[in-house]
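We have chain A; now place chain B onto it with these hints.
Going down the list, the protein sequences come from chains A and B.
Residue numbers for the first sequence follow the working numbering, beginning at 152 and rising by one.
Residue numbers for the second sequence follow the working numbering, beginning at 2 and rising by one.
It should be emphasised that the hints constitute simulated quantities derived from the structure, not laboratory data.
Cβ coordinates follow ideal geometry from the N, Cα and C atoms, glycine included.
Be careful, since some hints might not be right.
[Stated by the list, open to error] BS3-like, lysine-lysine: derived pairs with alpha carbons at most 30 Å apart:
#1 A:Lys349 to A:Lys334
#2 A:Lys366 to A:Lys349
#3 A:Lys334 to B:Lys63
#4 B:Lys63 to A:Lys274
#5 A:Lys366 to A:Lys293
#6 A:Lys400 to A:Lys349
[Claimed, not checked] Covered by chain B, per the in silico footprint, the following chain A stretches (three or more residues, Cβ under 8 Å):
#7 261 to 270
#8 375 to 385
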Amino acid sequence: MATSERNVRLDLERPPVVETSLGFYFSRVAGWNILHFGALWEKFRAKYPITEFPPPILPNIASPPFKFEWNPSDSIVPIRACFTNAQKTQLVQLQQELFLHNWRKTDATSDYQHYDTILPLFKQDWATFLEFLAERGLHRPKVARCEMSYFNHIVRGEEWQEFADLPRLFRAWRGFEGDEVFKNPELVAFNVVQKVGKGQVMVAVSPAVRTIDGKEILQLNVTGTVVPTDSEDDGLFAGLGECHEIALKGFQSFVSEESMTRWRAKR
Amino acid sequence: MSAAITFDRWAQLQQSLRPAVKSTVSVQSEPIWRVAPELARVVDVQAAPWLSEALADLRTLKDAGRNQPGFGDFRIADETMNHVRQLLTMEALRQLARPNIIRFSGGGVSLSWVLEGRELTFSVYPGDEEVTFMYTAGLGRVVADGVARRSDEVTDAVNEFLAPAPR
Numbered sequence: 152m153a154t155s156e157r158n159v160r161l162d163l164e165r166p167p168v169v170e171t172s173l174g175f176y177f178s179r180v181a182g183w184n185i186l187h188f189g190a191l192w193e194k195f196r197a198k199y200p201i202t203e204f205p206p207p208i209l210p211n212i213a214s215p216p217f218k219f220e221w222n223p224s225d226s227i228v229p230i231r232a233c234f235t236n237a238q239k240t241q242l243v244q245l246q247q248e249l250f251l252h253n254w255r256k257t258d259a260t261s262d263y264q265h266y267d268t269i270l271p272l273f274k275q276d277w278a279t280f281l282e283f284l285a286e287r288g289l290h291r292p293k294v295a296r297c298e299m300s301y302f303n304h305i306v307r308g309e310e311w312q313e314f315a316d317l318p319r320l321f322r323a324w325r326g327f328e329g330d331e332v333f334k335n336p337e338l339v340a341f342n343v344v345q346k347v348g349k350g351q352v353m354v355a356v357s358p359a360v361r362t363i364d365g366k367e368i369l370q371l372n373v374t375g376t377v378v379p380t381d382s383e384d385d386g387l388f389a390g391l392g393e394c395h396e397i398a399l400k401g402f403q404s405f406v407s408e409e410s411m412t413r414w415r416a417k418r
Numbered sequence: 002m003s004a005a006i007t008f009d010r011w012a013q014l015q016q017s018l019r020p021a022v023k024s025t026v027s028v029q030s031e032p033i034w035r036v037a038p039e040l041a042r043v044v045d046v047q048a049a050p051w052l053s054e055a056l057a058d059l060r061t062l063k064d065a066g067r068n069q070p071g072f073g074d075f076r077i078a079d080e081t082m083n084h085v086r087q088l089l090t091m092e093a094l095r096q097l098a099r100p101n102i103i104r105f106s107g108g109g110v111s112l113s114w115v116l117e118g119r120e121l122t123f124s125v126y127p128g129d130e131e132v133t134f135m136y137t138a139g140l141g142r143v144v145a146d147g148v149a150r151r152s153d154e155v156t157d158a159v160n161e162f163l164a165p166a167p168r
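Only chain A is shown next, with the shape it has when bound in the complex (with noise of 0.2 Å):
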């Protein structure tokens, strides 16, 4: 899955994660508009040549100081707009109060990308963010919160059968083997949310179908986030090294050993 420079460190040979993201969200940047998004696309264009819009994310309110706020210039619906590379795999976010960068595992490139990969990447994206900021004469944004995640999928007839069978992945499930009335679930669907050193680990397990290939899944996502000290590089890149460790403590306690023996952990 992933390596870490510090005290944490866990490599998979088959690990079950297909998407990682990485990244700020910030208080929106005062000035920024709906041209903004066009203008910023032509800096990423030659690196990043595809463009999404999925949903927009609703960040966590919870996190101070971020607020939800609708100005005239802005269109009815939030926009998430996703400059992306030609072979689909490495591609920036960028919302009006979030910045992140997200690999993605294709058929083409299965291969998973590690941390350590990823960040160059991420720091080149921002670098070229805050430049364009700069260009427009708005303001660098003041960073709320730094935030890893790992999106995971477990194959249903492959890694398991049953929801019986979630105890034989998670630790933190422990079933009703026995028991009358919760022998054999029909869902099962959990969020664990644990502080972790200075930030949080958030773990959300839940079936799904994947629509690339229409099979069943749960997905395990983990967060980790962190309330970086400042909003200058030096401390938001360490936040971000703190929400990898964060993240990839909270996914090694949270599995079984069974499941690590499956996606053969190197120890």
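Below, chain B alone, put in the same frame as chain A:
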């Protein structure tokens, strides 16, 4: 003083803006609070109240599928299962009620809905990438049928079923 509108008034704002624009703006298929930075396309099994049960029904049909010489081969291939799940999770179908799921000889699966005497059926045949559909009214009179190769063609068939044009 900025004209900022806080989150708790967002729904109210959208309501107040809607009458002013004639067109429909549809930007998402899931509630906004469930949208994550993930871009891989997945549909939560709670996206429709019946989806979890329908997926379970489908698994039961597959498990019970047998080749019955002289009667038919009712085994459902994994590829067909995947195709049916892709169909079941399409946004156009998630707005409907729970479908009747029927397997038929040859390893195919049909999804059907009945509404006020009209019936819409989508059928998935093993090995085919497209979906066939048939919309009937009255005493089995075929109003429309054909092959849907793209999601918008499925959506068109559903829309016609829900709001039939006067004929």
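Hint check results:
1. A:Lys349 to A:Lys334: violated, 39 Å
2. A:Lys366 to A:Lys349: violated, 37 Å
3. A:Lys334 to B:Lys63: holds, 22 Å
4. B:Lys63 to A:Lys274: violated, 49 Å
5. A:Lys366 to A:Lys293: Not satisfied, since the Cα-Cα distance of roughly 41 Å exceeds 30 Å.
6. A:Lys400 to A:Lys349: holds, 13 Å
7. 261 to 270: Since 0 is below three, the answer is violated.
8. 375 to 385: violated (count 0)
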